[in-house]
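Turn these sequences into a full structure, and let the hints guide you.
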Amino acid sequence: MRQKEQLLLKLKNQNEQLNDYAHLVSHDLKSSLRNLSALLSWVKEDCIEKIGEESICNLNLMEEKIEKMDQFLEDIINYSEIGGTSLKTITIDLNIKVNKIIKSLDIPKNIKVVINGKLPVLKADPRRLRQVFQNLICNAVNFNDKEAGLVEIGVEETEGFYTFSIKDNGQGISKEYHEKIFNTFTTLGYHEKSTGMGLSIVKRVLSLYGGDIWLESEVLKGTTFYFTLPKNKANDA
Amino acid sequence: MRKSLNILLVEDDMIEIMKFNRTISKLAYLHNIIEAKNGEEALEILYNSESLPDLILLDLNMPKVNGLEFLSIIRNNPHLKYIPTVILTSSSDHKDVTECHQLGIAGYLVKPLKFADYSESIKTVLDYWCYNEFVQA
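Sequence order for the protein chains is A and B.
No gaps in the numbering here: position 4 of the first sequence is 4 in my numbering, and each next residue is one more.
No gaps in the numbering here: position 122 of the second sequence is 122 in my numbering, and each next residue is one more.
Hints were generated in silico from the structure; no laboratory data involved.
Don't be surprised by glycine CBs; every beta carbon is placed ideally from N, CA and C.
Treat the hints with care, since some could be wrong.
Unchecked claim - Derived lysine-lysine pairs resembling DSS-like cross-links, with alpha carbons at most 25 Å apart: (1) Lys68(A) to Lys26(B); (2) Lys100(A) to Lys95(B); (3) Lys100(A) to Lys123(A); (4) Lys109(A) to Lys167(A); (5) Lys221(A) to Lys231(A); (6) Lys88(A) to Lys95(B); (7) Lys50(A) to Lys123(A); (8) Lys64(B) to Lys95(B); (9) Lys88(A) to Lys123(A); (10) Lys37(B) to Lys95(B); (11) Lys123(A) to Lys97(A); (12) Lys26(B) to Lys44(A); (13) Lys50(A) to Lys26(B); (14) Lys95(B) to Lys3(B); (15) Lys95(B) to Lys65(A); (16) Lys37(B) to Lys81(B); (17) Lys112(A) to Lys44(A); (18) Lys97(A) to Lys167(A); (19) Lys64(B) to Lys123(B); (20) Lys103(A) to Lys146(A); (21) Lys26(B) to Lys81(B); (22) Lys12(A) to Lys95(B); (23) Lys37(B) to Lys26(B); (24) Lys180(A) to Lys167(A); (25) Lys123(A) to Lys167(A); (26) Lys44(A) to Lys114(B); (27) Lys44(A) to Lys146(A); (28) Lys68(A) to Lys221(A); (29) Lys114(B) to Lys50(A); (30) Lys146(A) to Lys175(A); (31) Lys123(B) to Lys44(A); (32) Lys95(B) to Lys97(A); (33) Lys118(A) to Lys65(A); (34) Lys95(B) to Lys123(A); (35) Lys167(A) to Lys231(A).
Unchecked claim - Examples of chain B residues toward chain A, derived with CB under 10 Å: (36) Lys37; (37) Asn61; (38) Ser90; (39) Ala116.
Listed below in structure tokens is the structure:
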């Protein structure tokens, strides 16, 4: 028993160290990226009339890469923070919360995001819950290839838990990827902002609350992500 | 409205200092900047100068005395605690934000990635402070 306790303590410490490490490195890299980005914009400013189109194009590509790397680091920081800091618990009206999230997103005009029915009021950490809804809605919006895109958010209540659904009419995900997409850094399509961390973050947050996530999808027609939040767990946590 | 602020910039990164100076050199008003490479140097400047700055712009991640330590020292000093301090950092870390607000800050700015956005936010902050009254001149 004692040995087990010691082992647990050791693991806990190592885990904390790893989180701190990811955090520290990401922040240092972020600072350096800010430096690089500024220097690059000055070079561009100074040279734009002296260099050819191809060089300007390359400088622009460099800028894009820096932006992508910044997004990567942001996601790594978010991911490493999830287990590290303790969960806050406040009462959240999801109708208000989800509407707020939708409003804060950059959604193209051809895509509609709607809430079907009434969402519950529950107790959870507002930042974590935001990550779950925001990442799933963003995916549904960003990878939507339809002229009239539609993203529907719904919920079903059973005795033990809420089952939320985020349904889109996008390109769909073929069966072989249904597990793989939850791995870190896995992304299926190219999108400028996509780093492959979004669903890993969602999964990690849900696992903190004892929730689950899965999907149903038909290629070319659309995907529905389902996730659960246990009622009691979400209320006690 | 004031046309010029005395600003203490506490920043260890050379390129960040270049960014700041490049930004204010293009502003309509000429501000007076004092630079400190870390919290320790900044404290020395504050302890030894006759007049205090109107505003402190403070990086968090620095060698020797870091931003949080510096902030806690000046907030506990009856002479220095009135100087409005705006955090200028690349970390939006929740813990940092909370701790800074607990100690007392006049703003928390996360440095945007792009220089143009950075310049814009610095300009906004300085413009805002030009409209303010200060405890000590």
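Open item on the list: Tell me the numbers of any earlier hints that the structure contravenes, in ascending order.
Closed with: The structure breaks hints 1, 5, 7, 14, 15, 17, 19, 21, 27, 28, 33 and 36; every other hint is satisfied.
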